[in-house]
Structures are given as C-alpha cells and as structure tokens.
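Take the given structure of chain F and dock chain D to it, following the hints.
2 protein chains.
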Amino acid sequence: MLRIITQRTEARTELRRICDRTHDDQVFHKEATVREVLQAVKRQGDRALLHYTAEFDQQELKPEELRVSGSELDAAYQQVSKELLDAIRLAHKQIEAFHRQRVPKSWVQFGEDDVVLGKRYTPVDRAGLYVPGGRGAYPSTVLMNAVPAMVAQVPRIAIVTPPGPEKTVNPAVLVAAQEAGVQEIYRVGGAQAIAALAFGTETIPKVDVITGPGNIYVTLAKKLVYGTVGIDSLAGPSEVLVIADETANPVFIAADLLAQAEHDPMAAAILITTDSSLALKVVAEVEQQLIDHPRRTLTEKAIAHYGLIIVVDSLETAAELSNEFAPEHLELEVEDPWALIDHIRHAGAIFLGSSTPEAVGDYLAGPNHTLPTSGSARYASPLGVETFMKHSSLIQYSPTALQKVSEAVDVLATAEGLSSHADSVRLRTKPKQIDSES
Amino acid sequence: MLRIITQRTEARTELRRICDRTHDDQVFHKEATVREVLQAVKRQGDRALLHYTAEFDQQELKPEELRVSGSELDAAYQQVSKELLDAIRLAHKQIEAFHRQRVPKSWVQFGEDDVVLGKRYTPVDRAGLYVPGGRGAYPSTVLMNAVPAMVAQVPRIAIVTPPGPEKTVNPAVLVAAQEAGVQEIYRVGGAQAIAALAFGTETIPKVDVITGPGNIYVTLAKKLVYGTVGIDSLAGPSEVLVIADETANPVFIAADLLAQAEHDPMAAAILITTDSSLALKVVAEVEQQLIDHPRRTLTEKAIAHYGLIIVVDSLETAAELSNEFAPEHLELEVEDPWALIDHIRHAGAIFLGSSTPEAVGDYLAGPNHTLPTSGSARYASPLGVETFMKHSSLIQYSPTALQKVSEAVDVLATAEGLSSHADSVRLRTKPKQIDSES
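Top line first, the protein sequences correspond to chains F and D. Reminder that position 81 of the first sequence reads as 81 in this note's numbering, one-by-one numbering, no gaps. Reminder that position 311 of the second sequence reads as 311 in this note's numbering, one-by-one numbering, no gaps.
In case anyone wonders, no lab produced these hints; they're calculated from the structure. Treat the hints with caution; some may be incorrect.
Which copy? The list can't say, so a pair holds if one copy fits it or any two copies do.
Claimed, not checked - Below, simulated BS3-like cross-link-like pairs (lysine-lysine); rule was C-alpha separation at most 27 Å, straight line:
| # | residue 1 | residue 2 |
| --- | --- | --- |
| 1 | 82 | 404 |
| 2 | 430 | 281 |
| 3 | 167 | 62 |
| 4 | 167 | 82 |
| 5 | 167 | 206 |
| 6 | 206 | 223 |
| 7 | 404 | 93 |
| 8 | 42 | 62 |
| 9 | 281 | 301 |
| 10 | 223 | 42 |
| 11 | 30 | 223 |
| 12 | 30 | 42 |
| 13 | 93 | 105 |
This is chain F alone, in the form it adopts within the complex (with noise of 0.2 Å):
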C-alpha cells in the first residue's frame, strides 16, 4: 500500500532513500564476476561468449549462430500482427521526425586577421545497442536506441540482445531493428554482450559508443568498459514523479504510478500532491487496479518498497522537492503545468497536462524514452543524436594574427614553465631567429 507523507524533514529523508536505491555497495560485489566476464571475452573472443551464453542463458550456440540470419530476420515480419507492425511504423516515423530536429551541424566563422574558428560534427564510425531480452520483448528499445544512432548517421550500427528459448530473438525486436535500418543483430546479452561490443571477437565487432538499458551487470560492464568506448549513460531501475493538484485525476494518476512500478521490483512511484484528499483516492485507486495487474506480485513490492505520495503546501514546494529527486520521468497533472515548469531545474523527461500519461513518450511521442535515472537528470541528458556524434575544434591563423598573440602566449607559457610552447610561437613570428636556426 501507497504511504502518505506530509512532514517536510520526512519526505526529504525517503526521496533521498529512493534516489539512492542503487547506489547500494552491494553491488561492488557484482564487480568481480563482470571484471571476469570482461576479461575472458577480450582473451578468447567468441568462445567466451558461447561461454557464457550458455552458462547465463542457458543457450549452445555454435560460432555461427552469433549473428541473426537474413533468412531468420525476414521470417520475423510473419510472426508479428499488422497492427503491431502499424504500431511500430507510427512510433518509428514520429521517434525519426523528433530527432530530426536541431541536429548539430558543423559551423566555421571568421575573425579578425583571417582568423577562422568552428566546430566539425561527425558521426562516429560504429555504434552497438544494447536490447534487454530474457522474458520480454522491447522493440520499442530498439526503436529508441536505432534511430537516433541512424539520424547521426552512424555507418555500422549492431545491435545485442541475450536469446530467449530455443535460442530465438523475440520477432518484434527483430522487426523494429529492420524498421529502424539495421541489420546487424547478435543473440547475446549480458556482461559479454558489453564486452564483445568494446573489445571485438572473432564475429562481432569493436565499437565506438554503446547505448542502451540493462540489467545490473550490463550497466557494471558499461561502467567498467567506458574509457575504451563511449557509453550513453548508467542506468538504474526506472522512475516516475508526478506533482497534482486538486484538478487531477486520480485514476490517471494510478495508472501512471503502476505503469512505472510494474517496470521492475526497484521502479520507483512518486505522487507529490497539494491536495490530500486526492493523495487518498490515489491510494485507494492503485489498490483497485492492481488486483487484476497481470504483473501483480512485482508491481505491489515496487509500489511497497519504493512507492510514497507527499502532500505540500503549494505546487512550488512540490517543484523543489522534485528538483532534489531530480526524476526521469516528471507528469505536471496541474491545471496550468506551463505555469510550473519555470520551478524545475531537473527531469529527464516533463509531461505536461492530464492528457499525456508517460506511455506515450515510452512508445510513440517522439522525444526518447532512454532518460536519466537515480537523480542523474541533475547533470544528464536523454539519449540522442549528438550520443552518436562527437564534433572537433577548428582553428586557423594567419601570421599577422599569430604575430599580433605572440607575446600573450610567450607569458602564458613562461608562467606554466612550458618553454617549447613559447618557441613554436616565437619561432614562426620572428623570422630571423628561424634562419638562423635552419
């Protein structure tokens, strides 16, 4: 059941607890076996990997089952309803036009003495998705990790996701990658999977940045591997906040707070509300629903463990409540959430009204669902294009501009002790020092 709190110093105390749910030490312990895993995949290659799939996945592969067939990729379009590949078109056309807007593009401009400086934007060269697989199916993770990578233009994308029974990848995902554009697919998930992506074995290859969700030893692996690779982000259990007032709805609500917790034992449901009446239906609501929840037993023990609705005083107490939090998801089921939206300093993503549940930015909006988690929103950023993008400085001078800086950049290296910096600007701006010398 929901608690309610209304004392300031307490609902500060749990936010804190539920922000900091993954930051446990435990999982320091986890860091040996994903230390080992690396290990064995950067020396033995796809032997590991079979390896481990087997050991983890309980799946035999042969070497050559690694990699998705063409024949395998073509039989999934049969498998999948019309409407649901309908379902994965509509959100692909709407996830491409959002991410089609303000790609970064390079830019030169030019100074004083023909000086030019800019920025160049370039895509990576190779990018590896991550898909969670076991028992669900994420075509919707495809969708959102594949085409901002394509947007980037990225020219070899890979995707990675663990085998489910008889050693098949769900249809949906196989058919959401092909979508998206991408042909390259590995049934293998896991620490190896991270492992494979950043070291490169016989059959998968080395990448540049890896993106996507996953279980605690993928994001472990993620965290171990980054220096040798980009990565998007470390992502934890996911998370909802929503801030109420007395216009909202509490069945919306309910919802909203069920569809985040039945993500996972360590989701985490957060009503912070300046109506105390609403705070009790919500309550009484998100019993109601979940006695028939398919996922009823997962998603009570993410509501009882990491569940909580705080009443306030005033919507801007609310706001820096959530500011602290710093949630992935925000809903502002306000009657003027424009009005709100000044007050928050952090989210990942912000819904704005009672007609824009969180699902449909997970599916279909637009804008990605791969967010900040665990408070990270304080500093990060969602998944995107310029993930896949990195871009390099530019500078050119002239040798009347270089002349004109010579003696601030003498100083400048002078100060620092670094006397190489000094001459190779004094040797190009005084000429007979260079003659003499050549």
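Just chain D now, with coordinates in the frame of chain F:
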C-alpha cells in the same frame, strides 16, 4: 631520438601501442588506493581531506585553511606581473567569445492536434573544477574549465587544486579564477579532492559535475565517482599528431612536437609526412632544440618512448592513419589544409596551416584545450558549455491527440507485456470506463 617508420603495418602497430599507452592493466592496482581514499572522505569528510593532504602533499592544514581566503585572493593580484594579467585577460576574452557561440537553447515545436514537443536546457546547480598544481601552475586550465561553466550560468562553481609548498596556491591560478568569476577555491588535490566534490564534506560542497585534468589517481577517482556525479572525460597524457607535406617547415614542426613532449614523459608526439627529407630534417631539428631545453630529461623520455615519424605515400593515407589514432591535437601543416579536412573523421582539435601552432589553441585562440585523449576522439568531444548543461524533453498531448495514438500505444504496451502502460492511455481515452471506476 625520433624514429622514422616507412612500413605501413609497422606504423599501425606502433600507433596502436602509443594510443593504448594508458590502457595499461597496471592502473587497476592503483584503484585499491583510490577506493580507500574515496571511502575515507565519504565517511570522515574534512578530517580525511586533511589527513591525505598531509600524507600526499606534505602540507598540514587546519579545516579553516581548506578554503583560500579573501585576502589571499586579493593578494594574488599583487603577485602576478602586469604582462601576465594582460595575457590572462586576453585569453579570457577570447575563450569566452568562442564559448558564447551556439550555446544550446530551449525550444518547443507545435504539432497537429495541439501536440507540443521540445527540449528545455538548464545548467547544473553546482560544478567542481579540478586544477592540477604541484610543480606547475596552470592558469590556462582554470580559464578553460571555468569559462564554459560561467557561460552555462552554473550558479555555484568551486575550484580544487593541491597546495604547493607553505600551503600556497599559485597566484596566477587565483587571478585566472577571479577573472573568470570564481571565488570559491579549495586547496586540496588528488583523489581526495574528487571525493570531496562527489560526496561533499563539512567545508566543500557536493557538486553535480566534476571537470578538469589530473594525474592517474585523479582520473581513476573520476571514473569511480561517475554515476554519482557527472564528469567531463577520463583524461590521459597529452598527444599531438602532425600531418605535413613538403611545404612544411621542419623548425616549426620540431617545436610543436616538443611542445607536446615537454608536458609529460607519457606525452606522444607523432609526425606523418609525405616527404622523407622533411622527416630527416625534423629528426635533426628536434635534437637541436632539445640541447638547451629546460625540461630536457622528461622531454627526451617522451620523444624516445612515444615519439614517431611515419613516412607515407599520400596525404589520404596520412589522414587514414590519423583517423585510426584519433589524436587529441591534429595539426595539418600542408599546403591546402581545408582540402584535407574532409578526410579527417576523428580529432579533438584541428589546427590548420603553418601559422597555427597548437600552443595558440592551448592558451587563447578560444576553443577549449580540454580535449579527448587516448583515442577517445573516436566518440568524445572537447569540454564545452554543454558539459555544464543538460536538457529535459517536453511532451504535451491533447485529448484528441491521445485518442489518435491510443490504439498504437495499446498494441506496443501489450507486446511488451506492460498492462498498466496500456491502461494509462485506455483509461484516459475511454471516458465511460473512468466514470465507472471513479
């Protein structure tokens, strides 16, 4: 002495060895020490900071001495020359001007059926900047970190830097900080400083993002606290790669290679040229310029271990090898650098033409000098205003818009086995059901 290689396979092997010089497994042994420091600071706060500062920096501080006082900040201006102050101000002006270009701006977009989508950019609340100290003084590092944080409008910015002899902080560092607008400076360095910024102590505030270069302990600490806070990158030793044709001046190139090598015995200095006679001249000129070099021993060590000249048959081949190395700094000392740039895919900063030594970018051209090292330019960008900002996605649907996508969301949520996701839309779009339940 600089070696010359002409054989392609050998060149690739050597470039790989140089690129991987910091991915050495030995660093893992230092991790235990760093973990211990992090834990101690997390638990004991200031007390641990004072302990490690005494141990590693040989300075016995009292807690109230951690923060640099107002009178020290004032006094610093009396301790730097007029020329140095002017140079710092010129650098500040130009760095700021460049970083003010194309700062990310919030936007919204209005679609059909009153759908609103957008991105809202906000700065982080607090940033912590690491400035190396010890033997050297790096006012340029202060500017290159503080200016983008200021342009991003970060409300609170703190600098940490290890104390030198007699607890001093270099006055040029203190002046550069104040010129950039930062008054909050702590004399603490190493992993303990990173821990203080990540977890907070009695004196030092917990921040959201930590940036700035440091030694291997600082870098390991940043990697370990990544996820608790954001970081800019994992900086390795510096490197330059020069591509030169027969029009290049060997004196300039030698100075530029040495300007890199003088940083650190692990620094890398590579020339790829189409002109074998230029290669020989550069070898001789490097020897010549080393004779009276104030940091001769250190610089010779870097040249011997990580210096290299590769002679190739075409500039395209040079670009290809450079892309594989993905250098932090790339100089194009060729007749037509803009023609070559289309072949360059990965580099932190690109310096075009013979009047653009790297040093001009290191100090005052404007673009940031904190750049991706050790091959990470394959996926990472220079430090910038974006490092201190993040965005939230914005989504607003209308009842009509939600109605139109409700079927698709339902199909996708059902395919992923998430019933409350489906409910959260269904309950909003089928009013009768709501009435019966509320």
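Status of residue 42 relative to residue 223 across identical chains (alpha carbons, at most 27 Å): both (16 Å within a copy, 20 Å between copies)
If the cutoff is 27 Å on CA atoms, where do residue 430 and residue 281 land: within, between, both or neither? Let me know, please. between (81 Å within a copy, 20 Å between copies)
Give the relationship of residue 30 and residue 42 under a CA distance limit of 27 Å: within one copy only, between copies only, both, or neither. both (19 Å within a copy, 21 Å between copies)
Between copies, within a copy, both or neither: which fits residue 167 and residue 62 at Cα up to 27 Å? within (11 Å within a copy, 63 Å between copies)
State whether the alpha carbon distance between residue 167 and residue 206 is at most 27 Å within one copy, between copies, both, or neither. within (23 Å within a copy, 47 Å between copies)
Could you place residue 82 and residue 404 in one of the four classes (within, between, both, neither) given a Cα distance threshold of 27 Å? between (68 Å within a copy, 17 Å between copies)
How do residue 281 and residue 301 come out at 27 Å by Cα distance, when the copy is not named: within, between, both, or neither? within (20 Å within a copy, 73 Å between copies)
Given a CA cutoff of 27 Å, do residue 30 and residue 223 count as a within-copy pair, a between-copy pair, both, or neither? both (13 Å within a copy, 17 Å between copies)
Up to 27 Å CA-CA - residue 62 versus residue 42, copy category: within (19 Å within a copy, 48 Å between copies)
When no copy is named, should residue 167 and residue 82 be tagged within, between, both, or neither for a Cα gap of at most 27 Å? Within. Shortest intra-copy distance 25 Å satisfies the 27 Å Cα cut-off; inter-copy 72 Å does not.
Can you give me the call for residue 206 and residue 223, within, between, both or neither, at a CA distance of at most 27 Å? For residue 206 and residue 223, both the intra-copy (17 Å) and inter-copy (21 Å) Cα distances are at most 27 Å.
Measure nothing new, just compare the shortest in-copy and cross-copy C-alpha distances for residue 404 and residue 93 to 27 Å and report within, between, both or neither. For residue 404 and residue 93, the Cα distance is within 27 Å only across copies (15 Å; inside one copy 53 Å).
Violated hints: none; the structure is consistent with every hint.
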